[in-house]
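Chemist: For chain A, the structure is supplied; the task is to place chain B on it using the hints.
For the record, the sequence lines run as chains A and B. So the first sequence is numbered by my numbering: it starts at 1 and just counts up by one. So the second sequence is numbered by my numbering: it starts at 1 and just counts up by one.
Just so you know, not all the hints are guaranteed correct.
[Unchecked claim] Some chain B residues near chain A, calculated using beta-carbon distances under 10 Å: (1) 14; (2) 89; (3) 93; (4) 106; (5) 247; (6) 257.
[To be verified] Covered by chain B, according to a simulated footprint, are these stretches of chain A (three or more residues, beta-carbon under 8 Å): (7) 22-33; (8) 40-51; (9) 83-95; (10) 134-140; (11) 177-186; (12) 189-199; (13) 240-251.
Treat the hints as calculated values from the structure; they're not laboratory data. C-beta: ideal position from N, C-alpha, C; glycine also.
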Amino acid sequence: MQITAARRNRIKITGDRIVLNVISYIALSLFALACVIPFYLIIVSSFTSERAILTHGFSMWIREFSIEGFEIILTNPALIARAYANTIGVTLVGTAVAVFLATMAGYVLQRRDFAWRNPIMFIFYFTMLFNGGLTPYYILCVRYLGFTNSYHALLLPGMFSVWNMIIAKNYMRTIPDEIVESAKIDGAGEFRIFIQLILPLATPLLATLGLFTALGYWNNWMDAMLFIRDRDMYTLQYFLQNMLRSIQALRVVAEMSGLVVPVMPAENMKMAMTLIVTGPIIFAYPFAQKYFLKGLTIGAIKG
Amino acid sequence: MLLLPFAYIVIFAYIPMSGLVLAFKNYTYAGGIWGSDWAGLTNFRFFFISGAARSVIPMTLAYNLAFITVGMFVQVSFAIILNEVIGKVFKRVTQSMMLLPHFISWVVVSALVYNILNFEFGVLNNVRAGIGLADVNVYGMVGLWPFIMVFLSVWKGAGYGTIIYLANITSIDPQIFEAAQIDGANAWQQIRRITLPHLKPTMIILFLLAMGNMFRGGLDMFFQIIGNNGMLLPRADVIDAYVFRLLTSSADIGMAAAAGLFQSVLGFITVLTANFIVKKIEPDYSLF
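The shape of chain A in the complex, shown without the other chains (with noise of 0.2 Å):
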């Protein structure tokens, strides 16, 4: 009798519900658009025509259809190629690297018969509260370590997070200590453990640290543009920037595609350019959400 009246009770929608239900579905839609439509805007103006931007400005709808931009970016694509690959090199190295790392550094803490994890944990968090800043950083990434114009410069400032490193931890503390125990008495070594018996325990951990990483090595600007001056070596992002601040950037482009234009489509080449380098995320946006989804329950925030 109870549970019929207690379900009677969860379907009943009360006038203050709908009230409610109105603010949300108005705010979060309104909210919801605002996310999206800079982005069907970039699409555009992307494919509008130079002269209609010049004319117009960058506009809602499409006045004039023209693929100029793309026809100069994309004619003779060696830089963006490059840049392309550098991405794509650095992002799937270092994710496999920093997964691999966070989750092992992970696993040893949260081991209850590891004598020194209280004291070595503590070395690791605080590097979280306190750190050099940005100065000392660069001065000894540039000096010491030979950051210029390396891939190891792209690759090694993402490689190692403590905030990963925690998520793991507390991931693994649900994995039942017996299993290391009786792997231990079957004779397997602490290395075999991790990678045969626990990481494939862990793959929702796997997938949503893959996931956080990624996006970081993806979205980089910042250590192209402190160590990076060779131009076959930029990223993605680096080169965009470029070429939305610089009209010499945008000429470089240009001036390889060998297509005689009588007016640089400079404005259309930004939006198109920004559109190719934001494709791949949204391509990938459905699956990578999906992961997204699941991986922020993992290991939620008690540290």
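Modeler: This is chain B only, laid out in the frame that chain A set:
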């Protein structure tokens, strides 16, 4: 197994920490971090005389406070109303749309902003012209930029934060709400007495963690959106972006190091203080 991660933080966190001495040195390439000559407090004197210290430090604090509080307010509100929404499809679609900005870089955001706000070509002026209003030069309206920056920060972070809080709300036992309903609590009372108290620990922990970044962070956003725009910088700047500009454009290592030392020490003090206060009031919620 800890060797590599340990070596990593020694190299990339502890050695730069010792490099904070640069703030008291006259950096030369030959001398490096530890071999350069001592400069006393000269670097600090320049940092303060230039007026940068007085304007950029309070501004960093104000911006980050606004980002944290407005951001948290919006995220918690959206999480609560998303939880109330009846339509399942609507819920899923709006969530997906709101998360999109989280996945793109600030470089791309700067292109979006350019597309909309640019004086000559921007969509904003285009729309204004369409309804018969005069063009506005948003880049000339300096006072508007604090609001634009807060909006952008909220815009980019809302989806992510909302989902964290929403996941937290859905973990509340539905029987509690049912019981409250039977007892006659309306929707607002349920939010105030059940949902918000349930979210409190998460809110406090996220707030504390954000406090640690009070003097840090914002580099991505400020450098990409404001860049070197001298007109906007007096009203839209943070220490991180300031240091970054010193390093990349003028290579004034000494002053950058002095500003950086301030940033590190102030940040550390803030997070310790915040944690201390929370520990006094509700020990369970403190970080350490």
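Chemist: Take the hints in turn and mark each one as holding or not.
Modeler: Results of checking the hints against the structure:
{"no.": "1", "hint": "14", "result": "holds (7 Å)"}
{"no.": "2", "hint": "89", "result": "violated (12 Å)"}
{"no.": "3", "hint": "93", "result": "holds (7 Å)"}
{"no.": "4", "hint": "106", "result": "holds (8 Å)"}
{"no.": "5", "hint": "247", "result": "holds (6 Å)"}
{"no.": "6", "hint": "257", "result": "holds (4 Å)"}
{"no.": "7", "hint": "22-33", "result": "holds (count 9)"}
{"no.": "8", "hint": "40-51", "result": "holds (count 3)"}
{"no.": "9", "hint": "83-95", "result": "violated (count 0)"}
{"no.": "10", "hint": "134-140", "result": "holds (count 7)"}
{"no.": "11", "hint": "177-186", "result": "violated (count 0)"}
{"no.": "12", "hint": "189-199", "result": "holds (count 3)"}
{"no.": "13", "hint": "240-251", "result": "holds (count 4)"}
Violated hints, in rising order: 2, 9 and 11; the structure is consistent with all others.
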